[in-house]
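J.: Chain residues, written in single-letter form:
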Amino acid sequence: MSDISNIIQLTDVRKVYGNDGITTEVLHGIDLTLQQGEFTALIGPSGSGKSTLLNIIGLLEQSTSGIIQVQGRETGALSDEELTLLRGRSIGFVFQFHHLIPAFSALENVMMPLMLEAGRPLAAQRERATALLTRVGLADRLDFKPAKLSGGQQQRVAIARALAANPPLILADEPTGNLDTASADEIFKLLYEVNQESGTTFLIVTHDPRLAHRCRRVVELVDGRIVV
Amino acid sequence: MRIEWLLALRFLKEGRAQTFFMLGGVTMGVGVIVFLTSLITGLQRSIIEKTLGTQAHVVMRPPDDEARRIIMPDSARAVSANVERRAQRLSSILQWQQIMRELEKRPEVTAVSPLVAGPSFAIRGSATKSVALMGIDPEKYTRIVPMSSFMKEGEFRITANDAAIGTDLARDLGVTLGDKIRLQTADGRSETITVAGIFDVGIRDLNRRWVFITLRSAQNLLDLVGGVSSIDVTVRDLFKADAIGEQLAQQTGLTAESWMKTNAQLMVGLKSQSASSYMIQFFVIISVAFGITSVLVVSVIQKSREVGILRAMGCSRKRIRHIFLLQGGLVGLSGSLFGSGLGALLVTFFASTAKNPDGTPIFPVVLEPGMFLVAAGVATVTGILAAAAPAVRAAKLDPVVAIRNV
Ligand SMILES: Nc1ncnc2c1ncn2[C@@H]1O[C@H](COP(=O)(O)OP(=O)(O)O)[C@@H](O)[C@H]1O
Ligand SMILES: [Mg+2]
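Each protein sequence line maps, in turn, to chains E and X.
Counting in our numbering, the first sequence runs from 855 upward without gaps.
Counting in our numbering, the second sequence runs from 241 upward without gaps.
No lab work stands behind these hints, which were simulated from the structure alone.
Incorrect hints may have been included.
For lysine to aspartate or glutamate, the following EDC-like pairs were computed, each having C-alpha atoms within a straight-line distance of at most 16 Å [what the hints assert, rightly or not]:
1) X:K558 x E:E935
2) X:K290 x X:D412
3) E:K999 x X:E254
4) X:K636 x E:E971
5) X:K558 x E:D934
6) X:K558 x E:D1062
7) X:K480 x X:D463
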């Protein structure tokens, strides 16, 4: 049943918001499998449940029912502590609004996931974070605070941060949503290159059909159901 | 642990005004506590020092109630003693040398001194004064009451001929160094001594009554040959005098009276002073804690986005909690350092302005490293406790809410 090359396997995942009184079912029985190395776009109209689905896959939110397996491991019975650990090891996030920590420099933001892992010496953390920022083209911005960086640059830092702990899966929720076309293209290109270089699995929510068409696989969500 | 420290420090650095207000609160709170404590400690210590300057910590007496009253010299009683002197005979400790050896062996005892005390008259020409004979072994006695430091004239030299009297008695009798005085007890025994030293112990009544002679002279005069009327004891820890006294009493079969019992009134005063000081300190701590809590509660709300991001990156609830507890602890600790400085400054300034006419400080303030350590410890713990509620709140934040609501 569970294939280890399946990074993510969702079976009949439902999500209902609200408890008593008014309840809305946002996801109606989602079945979805993401395989190692896949580069997938998740598209759909606003309010169709894309972010909700992403948060459930990212173990940030609990589904109301259904099975979520991360690298073959059932997550339903895990404690909050265990989910946090699994999330830190297996999943990197890139959000629409560059969710960087404003008090930290670019380098420190990228080091953050490494610091959260136990037992890596500081020098090694610094080295890896520097290499990643160099990879995303920000070698000369290491000590800049997020406020001193452009939107595209902030998103590059976020990508470097998502890559830092070397997770097998990266979830990106409209990573180019706030950027001009040129920057959006560059960010998308960067994500694709990383996918090619390291085989990291990507699930990218996007509104932009132009970008979606450049992905090998496109999943479309309409009213909480997968239609493609 | 490193990342929690880093984040706690950064969050504090970032929230400038908030951190400043928390630090200010702790600084002032600790300042007040240090000021109050050093003032009261100094005050109490000097009172106790003054009181104990002329007293033993524990006085051992024969197990006889009668004896106690007679040892306190009383001229009316001394006169009537002429009529019924056998009944008035001082009760004494007979095996005192042996008892003293036993007492000296105890580790908590620092000095032991025998005393033969009783009423007498001091006569010089036509002047007669009622006095208290203090028959002592000068070497032992000065280890309990530092008589040499009280000498105004001459020296504290007690021999078969030489004696020491107080300034007031010297004036009353009109004697100076080298003059002779006749000591005569109610039952007619008498001896003549030479004034070798005149002391001022700071208490007029004692300056008027105390006459120091040798143990042997006093035994002869008071008809106590071979015995002593009491044994003075000093102990290592002043405030254990009561408990140690009881042990000594059990061991020796004598009665023991500690300085705390002798000065019960004073002790009540000191205790209620301490109690009110503790009360003030307690409420200062509480209000400082409230200040920290309310600032951190706001800071948690402001930092909810960061907390959400950290949670998404795999930061556990426990670590989030630690980040905020650390902020409280760090504010407490650093505030206590500033506060100690402030308190020390205040108290030094205060002590330098409040002076007696002769230039000595009215309040002999005490600044001890132990007090600063305690202040730092209390402030740190207070900071951590004050941060507990905000920290728990931060740990409970839902990362999704923080991430969705930009
Ligand atoms: N916490 C919540 N409580 C109630 N409804 C929610 C909550 N979060 C999202 N929704 C609803 O779920 C639906 C899907 O939202 P979302 O997943 O953000 O859609 P998308 O990302 O595709 O725009 C929307 O109708 C939204 O209003
Ligand atoms: Mg969305």
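J.: For each hint, tell me whether it holds in the structure or not.
T.: Right, here's what the structure says about each hint:
Simply put, K558 of chain X and E935 of chain E have alpha-carbon atoms about 9 Å apart, close enough for the 16 Å limit, and the pair holds. For the proposed pair K290 of chain X and D412 of chain X, the alpha carbon gap of about 25 Å is over 16 Å, so the pair is violated. The straight-line distance between the Cα atoms of K999 of chain E and E254 of chain X is roughly 12 Å, inside the 16 Å bound, and the hint therefore holds. The hinted pair formed by K636 of chain X and E971 of chain E fails the criterion: a straight-line CA distance of about 21 Å is larger than 16 Å.
For the proposed pair K558 of chain X and D934 of chain E, the alpha carbon gap of about 11 Å is at most 16 Å, so the pair holds. For the given pair, K558 of chain X sits about 39 Å from D1062 of chain E by alpha-carbon distance, which is inconsistent with the 16 Å threshold. A hinted pair counts as satisfied when its Cα atoms are at most 16 Å apart, and K480 of chain X with D463 of chain X does not qualify at roughly 35 Å.
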